[in-house]
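Visitor: Note that the protein sequences, when read in sequence, are chains U and A.
The first sequence begins at 1 in our numbering and counts up by one.
The second sequence begins at 1001 in our numbering and counts up by one.
In short, the hints are calculated from the structure, not lab data.
Here a beta-carbon is modelled for each residue, glycine too, at the ideal position from N, C-alpha and C.
Hints may contain errors.
[To be verified] As a list, the in silico SDA-like pairs of lysine to any residue whose alpha-carbon atoms are at most 20 Å apart:
hint, chain 1, residue 1, chain 2, residue 2
1, A, K1109, U, A219
2, A, K1156, U, A219
3, U, K156, A, K1156
[Unchecked claim] From the structure, some residues in chain A lie toward chain U, with a derived Cβ separation under 7 Å:
hint, residue
4, L1059
5, C1154
6, I1158
7, I1159
[Claimed, not checked] Chain A side only, calculated, beta carbon under 7 Å to chain U, not exhaustive:
hint, residue
8, L1024
9, G1157
10, K1217
11, A1220
12, F1221
13, V1227
14, R1230
15, I1231
16, A1233
17, A1234
There are 2 protein chains.
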Amino acid sequence: MAERFLRRAGAVEIVRKLTAKTVLERGLVAEGDRILVAVSGGKDSTVLAWALAALGPALKCGCKLAALHISTDFCACCKKSALEQKLAEWQIPFTDLFVPVVGRLKPGKKMNCYWCSTQRRTELLKYAVENGYNKIALGHHLDDIIETFFMNLCGKGIISTMPVSLCYHKYPVTLIRPLALLEEAQIISCAGELDILKTACTCPYGIHSKRRDMRGKIAAFTPSGAVKRRIAAALEC
Amino acid sequence: MAERFLRRAGAVEIVRKLTAKTVLERGLVAEGDRILVAVSGGKDSTVLAWALAALGPALKCGCKLAALHISTDFCACCKKSALEQKLAEWQIPFTDLFVPVVGRLKPGKKMNCYWCSTQRRTELLKYAVENGYNKIALGHHLDDIIETFFMNLCGKGIISTMPVSLCYHKYPVTLIRPLALLEEAQIISCAGELDILKTACTCPYGIHSKRRDMRGKIAAFTPSGAVKRRIAAALEC
Chain U
1 MAERFLRRAG AVEIVRKLTA KTVLERGLVA EGDRILVAVS GGKDSTVLAW
51 ALAALGPALK CGCKLAALHI STDFCACCKK SALEQKLAEW QIPFTDLFVP
101 VVGRLKPGKK MNCYWCSTQR RTELLKYAVE NGYNKIALGH HLDDIIETFF
151 MNLCGKGIIS TMPVSLCYHK YPVTLIRPLA LLEEAQIISC AGELDILKTA
201 CTCPYGIHSK RRDMRGKIAA FTPSGAVKRR IAAALEC
Chain A
1001 MAERFLRRAG AVEIVRKLTA KTVLERGLVA EGDRILVAVS GGKDSTVLAW
1051 ALAALGPALK CGCKLAALHI STDFCACCKK SALEQKLAEW QIPFTDLFVP
1101 VVGRLKPGKK MNCYWCSTQR RTELLKYAVE NGYNKIALGH HLDDIIETFF
1151 MNLCGKGIIS TMPVSLCYHK YPVTLIRPLA LLEEAQIISC AGELDILKTA
1201 CTCPYGIHSK RRDMRGKIAA FTPSGAVKRR IAAALEC
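Only chain U is shown next, with the shape it has when bound in the complex (with noise of 0.2 Å):
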């Protein structure tokens, strides 16, 4: 996409346009798919309830969406309502499921990002299958992307990131990230134009997370999105 586009168009056009790219270049959505749409009540995954909604009737596939929130014992999304009124103003079924993610933990050990990602996720993929839901799509963006291929590289050494379509072998589901062309900044402004970021709720964990802390340093290196998009076409994610 022409980097004039991305200059001169306001943040919802943006995100539109650049998740129609995502989603038919990378072929991420077919005829007939029930798509079941992760919600944190952040901005990422708002946003991206609202693109897809809104990319529905252009694609002309039929496919069905759904939105599922998961609350943790540690942090009950304080905005859900908030959140359930946007979904339902874009006609998105919402599931509520509550997952006990510190009730889980084993005597003796602490809560961390980690193991409350990979019990939600679990979650998730059982509510997917057990509900005829073929397709999951996460609100990760380029940022993340990119962060995440540094972490790989810095800490583990390995070339590796977030791909954009993942098929799981073990379930029946495809995760996709149709917000992958994006940067952070497009999808922040893109819900002040929608007028959710004053609702979206942000994880108190998360705050002094490492991936924060790589977050400066990568800004450094990556002064525009053309140089994110580059990495990202690098990394062939």
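Got chain U; can you put chain A on it based on the hints?
Guide: Just chain A, lined up with the frame of chain U:
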């Protein structure tokens, strides 16, 4: 190699061990090789010449070592006699070749690092082939390899860096980089211990190059040599 050794040993010993490790594990030197070390007069290639000479008897492969320095019409290494003296001390035959890099520029074209290095690389290869050398040893180190990776990734959108060993199709010559596991800081310390730091020559053009800009940014990601070696291993360079 144990990180504990790297913390405790003197720089000369570290350079000797890590050069030996690279040469042996990557099969950089074979029976009867005629190795031409490209010596710019800088710390890196001078330390490389010393390390290969010091390694010679341990390799027991009867290979021959010589050094080639390329003088140009814009940077005629002012400390060449000191370099020549050191090489003689280490029993490495020395040749000085003049290449009119600026004189070869087409009208209207400006000097730049890329042009200069292309000219010097061509002459280096030509000299090696004409004088029966089958290996050319270059003084690039771990930081150069990491910098090149990041420059290629962010600038060109490709995952690529300097290889430890490169076999040319066009010439009967293999490029080798025996300092690939060494950080620049370790080479500087070694150059200090060998008393070659004050006579090392640095190209005046290099100071403001893109590579230098990248260096500071990379430091934030790579707080230790272990992280850098992990990245290099991921690249399988």
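Visitor: Can the hint on A1233(A) be confirmed by a CB-to-CB distance to chain U that is less than 7 Å?
Guide: Cβ of A1233(A) sits 5 Å from chain U, so the hint holds.
Visitor: With chain U as the partner, please determine if K1217(A) meets the hint condition of a C-beta pair closer than 7 Å.
Guide: Hint on K1217(A): holds, closest Cβ of chain U at ~4 Å, below 7 Å.
Visitor: For the restraint on V1227(A), tell me whether the closest CB of chain U is nearer than 7 Å.
Guide: holds, 5 Å
Visitor: Was the hint right that A1220(A) lines chain U, CB cutoff 7 Å?
Guide: Holds, about 4 Å.
Visitor: So, as I understand it, the hint says I1158(A) touches chain U; can you test that by seeing if any CB pair is closer than 7 Å?
Guide: holds, 5 Å
Visitor: So, F1221(A) near chain U? Judge it on the closest CB pair being under 7 Å.
Guide: holds, 6 Å
Visitor: Is the interface hint satisfied for L1024(A)? The criterion is a beta-carbon contact with chain U at less than 7 Å.
Guide: At about 21 Å, which exceeds the 7 Å cut-off, the nearest Cβ of chain U leaves the hint on L1024(A) violated.
Visitor: Tell me if the straight-line CA distance from K1109(A) to A219(U) falls inside 20 Å.
Guide: Outside the cut-off at roughly 34 Å; violated.
Visitor: With 7 Å as the cut and Cβ atoms as the points, is I1231(A) at the interface with chain U?
Guide: This interface hint holds because 6 Å falls under the 7 Å limit.
Visitor: Using 7 Å as the Cβ threshold, decide whether I1159(A) counts as touching chain U.
Guide: I1159(A) check passes; min Cβ-Cβ to chain U is 5 Å, inside 7 Å.
Visitor: Can we keep the L1059(A) interface hint, with Cβ of chain U closer than 7 Å?
Guide: Violated - the Cβ of L1059(A) stays beyond 7 Å from chain U, reaching only about 29 Å at its closest.
Visitor: Is the interface hint satisfied for R1230(A)? The criterion is a beta-carbon contact with chain U at less than 7 Å.
Guide: Hint holds; R1230(A) Cβ to chain U Cβ min 3 Å, cut 7 Å.
Comparing the model with each numbered hint stated earlier shows that hints 1, 3, 4, 8 do not hold.
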